[in-house]
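Visitor: Protein sequence lines correspond, in order, to chains A and B.
Last residue of the first sequence: 212 (the working numbering), numbering continuous.
Last residue of the second sequence: 1075 (the working numbering), numbering continuous.
Honestly, the hints are just simulated from the structure, not real lab data.
Be aware that one or more of the hints could be misleading.
Stated by the list, open to error - Subject to a maximum C-alpha distance of 20 Å in a straight line, what follows is the list of computed DMTMM-like cross-link-like pairs (lysine to aspartate or glutamate):
{"#": "1", "chain 1": "A", "residue 1": "K95", "chain 2": "B", "residue 2": "E1033"}
{"#": "2", "chain 1": "B", "residue 1": "K1014", "chain 2": "A", "residue 2": "E25"}
{"#": "3", "chain 1": "B", "residue 1": "K1060", "chain 2": "B", "residue 2": "E1024"}
{"#": "4", "chain 1": "A", "residue 1": "K52", "chain 2": "B", "residue 2": "D1040"}
{"#": "5", "chain 1": "A", "residue 1": "K99", "chain 2": "B", "residue 2": "E1010"}
{"#": "6", "chain 1": "A", "residue 1": "K129", "chain 2": "B", "residue 2": "D1040"}
{"#": "7", "chain 1": "A", "residue 1": "K148", "chain 2": "A", "residue 2": "D7"}
{"#": "8", "chain 1": "A", "residue 1": "K95", "chain 2": "B", "residue 2": "E1047"}
{"#": "9", "chain 1": "A", "residue 1": "K99", "chain 2": "B", "residue 2": "E1024"}
{"#": "10", "chain 1": "A", "residue 1": "K195", "chain 2": "A", "residue 2": "D120"}
To be verified - Now the stretches of chain B that chain A is said to cover, found in silico as 3 or more residues with beta-carbon under 8 Å:
{"#": "11", "region": "1009-1015"}
{"#": "12", "region": "1048-1059"}
Claimed, not checked - Rough simulated footprint, nothing fancy, chain B against chain A, three-plus residues with beta-carbon under 8 Å:
{"#": "13", "region": "98-105"}
{"#": "14", "region": "143-152"}
All figures in this text were calculated on a predicted structure; none of them were measured in a lab.
All residues carry an ideal CB built from backbone N, CA and C; glycine is no exception.
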Amino acid sequence: MDINFEDWKTVDYTTAYQRQRLKVESVIAGALGCLVFCEHPPVLTLGRLFKKESLLFTKEEINRRGVDLQIVDRGGDITLHAPGQLMVYVFLDLKLFNKDLKVYLEKLEQVAVDLLKEFDILAVSIPGKRGVFVGANKITSIGIGVRKWVSYHGVGINVNTDLSLFSLIKPCGLDVQMTSMAKLLKHPVAMEEVKHTWAKLFSNIFEVNIIK
Amino acid sequence: MNIILPELGEGITKATVAFWHVKEGDRVQAGDEVCEVTTDKATFNVEAPASGWVKSIDLKPGQDGLVGDVLGTIE
């Protein structure tokens, strides 16, 4: 199966979300699926399971730190997006993947785990917990939306993210520390290399051909 | 006709009603998205099984439903 690929580079969350809505509509209408990479300026996104106690500062204090707040229609609680975090948005017709959200999420997690392994980072997914972890620290967040069995939203991987911004929240509502590839490897990581590796592994695990 | 919480995948037995796109008395077409349910990592939009009007909303936001449960009804 062929899918398209787009790199939206750095784009504000609201614009990216509007593009996501259009992308979902196009796949619902029969267009090829699509893999999208991008990064966002600092923003906290509040999912459908958002709990107030996950926000540790007021909106005003958060804005003073240069961080925006957005309510979004994805699963999960609250998370941060910021430069240095690779956002992977995946638009697939899950009717072609047995209409199985569990398997779809497991495959996304597997791509993340295998990606990190290629950078010599041992990460695991933990049943019942959102995301991918290195020890007790979270390195990747996952939250998807599904409309007419077409997926949207996806995965956020902390590559070179400023981790101090996570002090504003309880990420995903968990008492968890966040980490990043740069922190674990003790040096910045080339984002293009991460993107290339993700695309390669995604293609293998989902058995799709990415048209660039 | 019942709006049923559908099968979402192997091992997924329940979901939480997050949001209703419609209210009682609204007209809907078959296939319209009427209700959003969430698991811990996914938000899924449930569609109207038939055209008609929304007769009842049985599971409210925040309430859990098992796969196969009636979320609401359409007449």
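Visitor: Run through the hints listed earlier and report the numbers of any the structure violates, in increasing order.
Guide: Hints 2, 7, 9 and 12 contradicted; others consistent.
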